[in-house]
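Going line by line, the protein sequences match chains A and B. For the first sequence, the residue numbers in my numbering are 55 to 561. For the second sequence, the residue numbers in my numbering are 55 to 561.
Just so you know, these hints were derived from the structure itself, not from any lab. Mixed in with the good hints there might be a few duds.
[Claimed, not checked] A few chain A residues that face chain B, going by a derived Cβ cut-off under 10 angstroms, partial list only: (1) GLU78; (2) HIS88; (3) ALA196; (4) THR343; (5) TRP385; (6) GLY468; (7) THR471; (8) SER522; (9) THR523.
Glycine included, C-beta positions come from ideal geometry on N, C-alpha and C.
Number of protein chains: 2
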Amino acid sequence: MQHATKDKFSTLRLRRLGIDTYDEPVVYMRADCHVCRSEGFDAHSRVAIRVNGTTVIATLHVVTSDLLRRNEASLSDSAWTLLGAREGDEIAVSHPEPVESLSDVRAKVYGRRLDDDAIHAIVRDVAGKRYSDIHLSAFITACAGDRLDAAETIALTRAMVVVGERLAWNRAPIVDKHSVGGLPGNRTTPIVVSIAAAAGLTMPKTSSRAITSPAGTADTMETLAPIDLDIPAMRKVVEREGGCIVWGGAMHLSPADDILIRVERPLDLDSEGQMVASILSKKSAAGSTHVVIDMPVGATAKVRDRDSAVSLTRLLSDVGAAVGLQIRVVWTDGAQPVGRRIGPALEAHDVLAVLQGAPGAPADLRQRSLRLAAEILELGGAAAPGAGTTLAQTILDDGRAWRKFQAICEAQGGMRTPPRAPHARAVPAGQAGRIVSIDNRRLARIAKLAGAPSAPAAGLELHAPVGSTVDRGEPLFTVHAEAPGELAYALDYFAARPDIIVVEPHS
Amino acid sequence: MQHATKDKFSTLRLRRLGIDTYDEPVVYMRADCHVCRSEGFDAHSRVAIRVNGTTVIATLHVVTSDLLRRNEASLSDSAWTLLGAREGDEIAVSHPEPVESLSDVRAKVYGRRLDDDAIHAIVRDVAGKRYSDIHLSAFITACAGDRLDAAETIALTRAMVVVGERLAWNRAPIVDKHSVGGLPGNRTTPIVVSIAAAAGLTMPKTSSRAITSPAGTADTMETLAPIDLDIPAMRKVVEREGGCIVWGGAMHLSPADDILIRVERPLDLDSEGQMVASILSKKSAAGSTHVVIDMPVGATAKVRDRDSAVSLTRLLSDVGAAVGLQIRVVWTDGAQPVGRRIGPALEAHDVLAVLQGAPGAPADLRQRSLRLAAEILELGGAAAPGAGTTLAQTILDDGRAWRKFQAICEAQGGMRTPPRAPHARAVPAGQAGRIVSIDNRRLARIAKLAGAPSAPAAGLELHAPVGSTVDRGEPLFTVHAEAPGELAYALDYFAARPDIIVVEPHS
């Protein structure tokens, strides 16, 4: 039953109101317009809207004032862009077709296994934006808590690849890396890509912006070079330099994943199957063949203990093999942040220090980058087994990696200098002693309250890592912010939770 | 961390835009206002808003045009009403406190049992509107598929009662009835209340509007009398007449239930535990002591088979006993609609026919009403065990029930005549034969597409019940609508699914 036909009962004229609802498509209509009356639509109805030949499902918000005339409708900004709408365009509004795959979601809720067809149908409808947030949340919840088995995870990964764009490269191998996340400041990607490309490997890296963290690799990289390249521009960079570090968000690689992640974020549910499908669908769609996965393990990292690490590693390898990816998982220390700085520009300064071999460069970021680069060099065949570490170190120390990074930045549109924040305040230790633990999740929250990642210069600089000793009044960390309100929030949050950094007094 | 203090960083002035988002609280602010900038808010952020001393959590929609000035904010209509806002009021906007009970929801998702404290915390936050739709959906999904045990269901029922208003009556017993639903036209309540009250019992019935059905009892009753009474007005009716049939929606009895039901509707998940908590929390909060539950059982009703009926009956009785309710469950035929008509006013005509003893009154509606009334008369002590049916029949047949119904309608504000629809079309049988089955769910969908329940005169009149025979071209049913567009939808839907009514040709 699709009634999105042009007739006098169902069409209105578009007028832009300018309301940004993020990526939830909303249509605005008057309660007393002929469409609402003849179709029986109420506020919060799900409706099918058709503009310029494209149909999407939107949520109806009813205008009860004179913001719109009776023959007018409007769209939220993202829907306006998605449909290529212009002022005065005709919009047809109708009852949406029933979303048949929701019966598969219900089956999963009731504990049944999903077969390949059911998973493909669900992912197709998710990517087609036919699910409301309520439906997306139900699907994510039904799959969480390890309710997806390996076969379902493989089907989910394949389905997520199939519904999006796919990159193909006329060379092999295509190496890639991914970090499972949960560790602030773990910004190895620009260094690893530079080393791998300098060693002659092809590493077209697409990165994401922060989801729950104070900075994603894309956020950090954006303070160093343009990252919003389309696929042809990205290809040119890779052909010239062997590598790139660009934002993957506009490339429509595994678009269902982007939609699911937006809803997963406020739920904060750990789901092995969905995490694996998310990671590997992006890699497969990007045309990668050999992938090194950095898995920080630690009490406050995303992977909290050895058992979880073993189980997640097995699933990544099995699903990777099923979708044609060679996977190598590297367990790394997840006990505390990497580098000393958290936040887009602050992390960029750490990256530059390592690439330039600066005296104050964070040793942990350097070591992690070398370890991951070594694995990639060996997995990709640029170094013999066991010879990766030496090669990676040589390329970093003799300046080849730094030169390659500058060349990549230039190819992406020109290198930039990361900004510095106008507001900064140091937080002193309340007592003298040894730092015995740091809560990474809450440390990340301080950086976010300070404005990261949307304020690129905002974040946090850690002065006293775990194991170091401080005197009373000596700075534990410095908060950086672009606005005084954000600085105050971040400091208030820590003041209420001083045990984020535990200082054990000298005995 | 609650920062909803009045300071220059966080306050704006309210201006009404007039946008109805149903009951999702939305706040509108400009992207470039000082609050968004200093707080780092983006579109779709969850924010705490404080107006006139009351704080609620809302979703942020960002105005990217000149709809608002930089120092202005607006609220969706329901939030505006909830906060008692006026033009120019000061609104403080801040980061919301973390919703701690979400960790209990996550625990449930991972398969853990919830203890009483966890369930109370969740229900308190749901009733306090601190959950987004995404969170509500996750909670509902985590409890669906029989993942709530009896103890959890008891705790959920108690918690839902505690967070809302509770009615207390200075007499006993207080009898009540509830129908599990899923059966179009099952409009026994006005008849049962009239019989029970005429027999001297106290039956203060609060009913709901339709959730997924073409008419709720409140929708039907509204075509016969005012139903939107507050608690004092309702008390007056009950004191005078012994019974009432009013809308319970504005009485804040089990408000968490209303919020959960809004999200359950688009999910369409069967959850025994939640259904029982929903039914019994409303009854307990209404001060009922003895409750008869009408449970239609049939392939296309809500309770589909005997096993489900047994299990649901046991849970209703156990949970009822735990919260101090005497429950009697009556299994009834769920194979086809009750009465001949579906839709608010159409069902009201059926109700009137039974009460008046009109010659064409639907026998099934009469029989069901008598059966339920008999159970209530016995459970409430107005009739000896086994004597309920005779007493109910006498009260109905001698006109006492009809006089009581009219008295109740007058006491509620005056009796009304149900409207008749301006548009009606009969749908003829495609072939001669015997009606072997009717799909109740899809028949209900036809009535909804015709405009029911928001168009009170809309709906459907069934001419050929299961077991009857029709000639080719003889009408199967007539669709009633208040607008031609709605009539067309309803007819199109049936045209595409003629097997909603299966006609077996004569052999």
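Going through the hints against the structure:
no.: 1; hint: GLU78; result: holds (7 angstroms)
no.: 2; hint: HIS88; result: holds (8 angstroms)
no.: 3; hint: ALA196; result: holds (6 angstroms)
no.: 4; hint: THR343; result: violated (35 angstroms)
no.: 5; hint: TRP385; result: violated (23 angstroms)
no.: 6; hint: GLY468; result: violated (27 angstroms)
no.: 7; hint: THR471; result: violated (23 angstroms)
no.: 8; hint: SER522; result: violated (28 angstroms)
no.: 9; hint: THR523; result: violated (30 angstroms)
Checked against the numbered hints above, the structure violates hints 4, 5, 6, 7, 8 and 9; every other hint is satisfied.
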